[in-house]
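Peer 1: What follows is the residue order along each chain.
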Amino acid sequence: MTVMPLQIRTAGHFQRKRMMSFAVPAVILCYFAYIFVAFDIGGLAERANLQNARTLVSDAYSYKTHVTRDNRDGSIDVSIEGERKGRYLDGNSPAWVTMGNETVVDLGNHHIVTFRETQVTYDIPGYGLIVTEPGRSGVNAEFPTNELPDWINASKNRVTISTDAGRLTVTRNRSEVFRYFLGWELFFFTLDSPYHGMALGTLLRHAVHGEAGAIWSEFWANKMWRHGDVAWALFETILMAFLGTFGAAMVALPLGFLAAKNFSPLGSLRFAARRGFDFLRGVDGLIWTIILSRAFGPGPLTGSLAILLTDTGSFGKMFSEALENVDGKQIEGITSTGAKPLQRYRFGVIPQITPVLLSQILYYLESNTRSATIIGAITGGGIGLMLTQAINTQKDWEEVTYYIVLIILMVMLMDTFSGWLRRKLIKGDEGGH
Amino acid sequence: MAELTTADIQSNYLAQVRSKRIMNTILLIVFVALMASGFATANDRNAGGFWNGLPMLLDFPGDVISEAVERAHLLPGYFVKYLPSLIETVNIAGASTLLGGIVGLVMSLLVTRGLAPSPWLVGPLRRVLDVLRAVPEIVIALVLIFILGGGPVPAMIAIALHTVGALGKLFSEVNENASLKPIEGLESVGAGWVQRMWLGVIPQVAPNYLSYALLRFEINIRASAILGFVGAGGIGYDLRNTMSWGQGKFDEAAAIFLLLFLTIVVVDQTSSNLRNRLTHGSAKGEIHA
Amino acid sequence: MLRIDDLTKAFGRNKAVDAASIVVDKPVMIGIIGRSGAGKSTLLRMLNRLTDATSGAIMFEGQDVTQLRGAAKRNWQSQCAMIFQQFNLVPRMDVVSNVLHGTLNRRSTFATMFNLYPTEDIHRAIEILDRLGIAEHAPKRAEALSGGQQQRVAIARALMQDPKIILADEPIASLDPMNAQVVMQSLRDIHEQDGRMVIANLHTLDTARRYCDRVIGMRAGRIVFDGTPEQLTTGVARDIYGADETFSEAATSTEIETLSEEVAKLADIAESV
Amino acid sequence: MLRIDDLTKAFGRNKAVDAASIVVDKPVMIGIIGRSGAGKSTLLRMLNRLTDATSGAIMFEGQDVTQLRGAAKRNWQSQCAMIFQQFNLVPRMDVVSNVLHGTLNRRSTFATMFNLYPTEDIHRAIEILDRLGIAEHAPKRAEALSGGQQQRVAIARALMQDPKIILADEPIASLDPMNAQVVMQSLRDIHEQDGRMVIANLHTLDTARRYCDRVIGMRAGRIVFDGTPEQLTTGVARDIYGADETFSEAATSTEIETLSEEVAKLADIAESV
Amino acid sequence: EGHAIDEFRIGILGGENAQDRMNSYECLRGYTEEELGVETKLFAPADYNGVIQGLLGGTLDMAWLGASSYAAIHIQDETAVEPILVKINLDGSYGYHSIGFARADSGITSLEDMQGKVFGFGDPNSTSGYLIPSIEIPQQTGASMESGDYFGEVKFTGGHEQTIVAVNNGDVDGGVTWADGQGEWEDGFNSGALRKAVDAGLVDMNDLVEIWRSAPIPEGPVVLRSALPQDVKDKMTALVDGLYDADPDCAYGVAAGETLGFDPITHDAYVSIVAARLAKSN
Ligand SMILES: Nc1ncnc2c1ncn2[C@@H]1O[C@H](COP(=O)(O)OP(=O)(O)OP(=O)(O)O)[C@@H](O)[C@H]1O
Ligand SMILES: Nc1ncnc2c1ncn2[C@@H]1O[C@H](COP(=O)(O)OP(=O)(O)OP(=O)(O)O)[C@@H](O)[C@H]1O
Ligand SMILES: [Mg+2]
Ligand SMILES: [Mg+2]
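Residue numbers (my numbering), protein chains in the order written: chain A, 1289 to 1721; chain B, 31 to 319; chain C, 21 to 293; chain D, 21 to 293; chain E, 15 to 296.
In case anyone wonders, no lab produced these hints; they're calculated from the structure.
We treat Cβ as the ideally placed atom computed from N, Cα and C, and that holds for glycine.
Warning: the hint list may mix true and false statements.
Quick look at which bits of chain C chain A covers, simulated, 3 or more residues with Cβ under 8 angstroms [claimed, not checked]: (1) 99-105; (2) 108-121; (3) 126-133; (4) 174-183.
Make a model of the complete structure from these sequences and hints.
Peer 2: In structure tokens form, the structure reads like this:
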């Protein structure tokens, strides 16, 4: 036999394989091209606001202190993040703000802003002195150059100067300076706390001398960062996941028997149960939250019930599948001793399915922590709500970052915990409790 | 080991039973207490109580359904109106699954011990995957909406990132079960890392990969619908707008809901059929040519 | 004491057991032999009421067992223990718990749900395990035991039922010859020492011959032989198994022993290379 | 042409190969024998650079192979084909693709990922398969072939590499005697017809004697014998295998043939029961 | 009607940071607890709909709503809530405006310039962010608000803050948000969403221009659930009404800005809003 025909056939075969191996990537590429057009990714580049990205990133690890003068009554207010809670109490100010008839704000690197009686000046090294005069008729500004650089945004009524050192805004009513610093200011104690600015050693000394409780409650009640509230929110999120998951497991177990071929007495009942599970799963937890919020109002219970409903669908399906896969021999063995029906389930079925069920339930516990965050963001509450609100109000990205870090840690913790529990229970379990 | 008498065995066993019984009882009590106090806490922190709310459970669906039934003739029109949004939602899921799957595949090969080209990268990359998995999509989406503006892209990126984490881990578990023999065979002919992975690993694991990716696609459709709620486009956005308008647009809300629900069910069914076929043999012909 | 009258079981058109009649008037050890599919298992399962008979009656001490329902039926099952080829234990539970399952019929549902058994039952379970030589495995999970040990646990469960009859459906078919011998000897001992009736389905002629007082042969659902082991000639066996002239008795049984021994020996040699 | 100097491989404190030195000056067929764990596989794997040596050098045509890195190392691997006991093919891919994998080092990654093998390579692959007598299986998946056929596919892949050396790590250990003979004969033919150097780890003395020009004996990582098959007396073999007086040559080799035949025969009997 | 209550639940409308809102209502919660002698709880759902559902389902007892949200409840269930009080501005009025705005560098200065461009609403339940502009703008342009009719595309951004960012980013060419319309444009007016964005350093008003302004919109009412016992209603009405005099700081927090306190109001003030909303429904 000559191998010629075989060679030709194989070459042809490879030709087809080549086509195939190009076809798959080609289809994927085409799809991406379509997505590129459909999602207008080309236009995205110009729409993307890198300024926002920069604000976000830099704000995530820094904070700004506002020095604001009311141009009408001359009062000056220094506050961290411009919030009431971060306000320096009367007479106090950080070292770089010198209060007086002329208030001098030193932005560092020889950038000096001075609030005078009628003028606000900004001395920028390498550029010159900018003099502005806010008044009834608008903000009259004099610049050292005729051509304005793009970091100065001036109009008749408003002047904004943004430099690396900080930012000055002057309008008819107000003059405001932002100075940026690294770090999460006031993370431990707010300005009004006696422990603010204390070194760790001093703090420890105070703690040892019986002030530990006070220090803790000052920290816990921090008005700026609200650690106590955040902890509550995290707890509420985990609570939703916990109640939803285990509640669903308890509801789904008996229903799972109804939907399992080998246990369900009636075909029609089984069919109904299965479609019921599909429905519960198909309607997402989020929509359940909205539906339930009429009956139960906002709060963690509504979130838990929403998770419970969705997961009843998922668990019901999985449990019934697990039940359909049980080994009949064990049941028969128990039956042959004259055991009653309940005993048959207890010893013939439950020991077989517990490991499967437990591992699935615990797996869901972790993923539901994420769901609870999302559900909370939409209606329920918890850390998800805090996060969405913090993002939506678009200030304090350090707060957003704080929440994100906490959420990630929370989910990873739940992941570790459920993994640990899974190993522990399934290894040492003697047929469930 | 000394021989145990029957009496010894009996008393040992009884002691073991007793301690197990105590353990189980404690576990049971702890669990029941957790559930009960958890429920009580949640109930207390909720605006409406559980028992008061129960009778009103069907009020909201009732409102929606009655309005939808009243204007049933309008529903087909709404289906057409919202079809593009639905397609957008499905596309977000599709694109992010594909994108996340491809990156996840590469990541999974980089984090599987025995396959990874640089073993010192395995640990750090695994942590990266853990973090990607832990971040809820909504977090990334909200941040990205801030930078990129609303629309499908933030949702796509957010879901894709999460998908990288999820599939990366699942794929690497599959990889761990792949036989190393073909890979060693390829190494012995002087094949590079990419060739070893592509020709030695992928053919072995492709069916499992596909099955996991399909499951992820199901999940991602829901995720993309949800992200619409926070302004990321697609049908979730329309659903939220009509739902929160309340009476007067419930018919539209119902139509959108039906559209979304049917899509989810259809995708679920198709993909679970496909997955069954992929994992339980009958995957004849080369998946990977 | 046991009387089976025209017992029939039909699956669709196929009669798995066809008008079987057996009379047993004192506790003996009975072996039932026959080809695969002859109806041995079905017969035993009807006796234990795991399967309902299509027609016919099973009379035990004057009572028609096939008519029992609910609690009465379960009570009968508890008196008539069953041992399976695949042991049918609960693998994830410990050995003693498995043995204690033999008392389920006697104990309240509630107590057993929470694994609450009386201490004397636990003591007895371990004594039975001791009698069968596996007491030291008492706290282990059933799945951790070898096949022969598991079958002995199953026998212990049967004994725990304190039954009048022990039914054994090919109790040694999944065991190696060594374990098979131990298990059959245990059944024989139980029969001899406790005076319980034992009915065992057996795959192999010589086992039936060696351990049973009476042998019943089935073929295609019908009882084609019923007599002492001595009456069981090669000709009769050929009849039961429906084999032609080439039928060698060795092929049905002892061969297994020789074969496995041979293989084991060879494996040893191979290993020593 | 090949010169191995004091080659050592230590796994922790255990020296798998201990200062092995070999000089080969023309393409011969070498058999390496020794007990399990003697270090045969490790030696071959170091030659192919699948395992890195702890110390020592492998000089091939003047170049130190142990020093090669990256592309140069892969290039060496392509010149030095390896055949494994378990074939190490890609089971889900067809036979021709598996053979074509022999060219991977020569072709660009991109081309191989998209099956862009030159037609002449495909033709040559079929020719090689034909030479090994398995051309008709070309379009089948590798996993669909018997062990002997798969090993021949592995040899075809090796030939496709057009290597200067073929290393074979117990190429026939998972094969039945019939297939073992075919595979060894193929290796011998390749050596004789193409003039390639072949180094094969062999489990059995007589195979080494029958097919090799030179036999190297290893024991506990050291080379304890290096000579012609004629010099390999039973005494020497006893030394290599570390066996005592009871050592019978038969136990190491032909026995396998008898053994498997025996077992096959027994299995047949058992099945017919 | 008339059952004694065992707790009192106050809903807080979306728009601001949830915890900030809770904090500013904390004083009111205390007063309520004191006044009614029952436990009082605060709830801050993420969006308007959360509060609406709570009031409809009877799981919330009191809330300060937007006009459109009030109308939504009234349309779904006339008997669910009754308006009691409205916040009074510093100048004695009780209204605000929907302000249309665009980026200054886009060259858009009026609605006419917006033709064919992308227009952004806020939340569909917002009065100034959707309802009023969606009625008044078509009257001016003579075309509907459907995408492609007058504007190239009409989107919902999800909320006031999102609209501002979307316009500032160029995501949409123009959008609407709320402001009191008093004070100066450069400061983002005296109060409203623009002012907050300016204060947060998010936008520079130099970069934005006003392109449209609605007729005054009535401030939303403080509502009580109708089914509450009459004495509870009376007590709560009196409490909120007198809040400014009793504790101006608390009133500042509850009213989210400078105020002269609260005045009584009835459903009649919102008849036109209800009509507008009905007109926008299917
Ligand atoms: N549940 C069932 N449904 C239908 N047919 C059955 C069922 N159980 C048994 N049969 C049939 O009844 C006949 C007798 O089966 P049975 O299991 O009693 O045989 P056996 O003698 O025990 O055989 P084996 O040695 O294989 O266990 C067989 O033809 C079998 O296919
Ligand atoms: N990856 C490894 N890690 C640790 N020790 C190893 C490793 N590979 C081999 N060894 C050890 O090195 C020694 C030599 O092993 P090698 O596989 O080379 O022996 P061999 O002669 O091929 O034996 P066999 O006939 O069983 O294949 C053995 O003691 C083995 O346990
Ligand atoms: Mg049987
Ligand atoms: Mg080896």
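Peer 1: Decide, hint by hint, whether the structure agrees.
Peer 2: Hint check results:
As drawn, the stretch 99-105 of chain C meets chain A at 4 residues by the rule of a beta-carbon pair under 8 angstroms; at three or more, the given contact holds. With a threshold of 8 angstroms between beta carbons, the proposed coverage of the stretch 108-121 of chain C by chain A holds, since 9 of its residues qualify and at least three are required. By the rule of at least three residues with a Cβ nearer than 8 angstroms to a Cβ of chain A, the coverage given for the stretch 126-133 of chain C holds, with 3 such residues. Chain A is given as covering the stretch 174-183 of chain C, and this holds because 3 residues of the stretch bring a CB closer than 8 angstroms to a CB of that chain, at least three being needed.
Taken one by one, the earlier hints all hold for this structure without exception.
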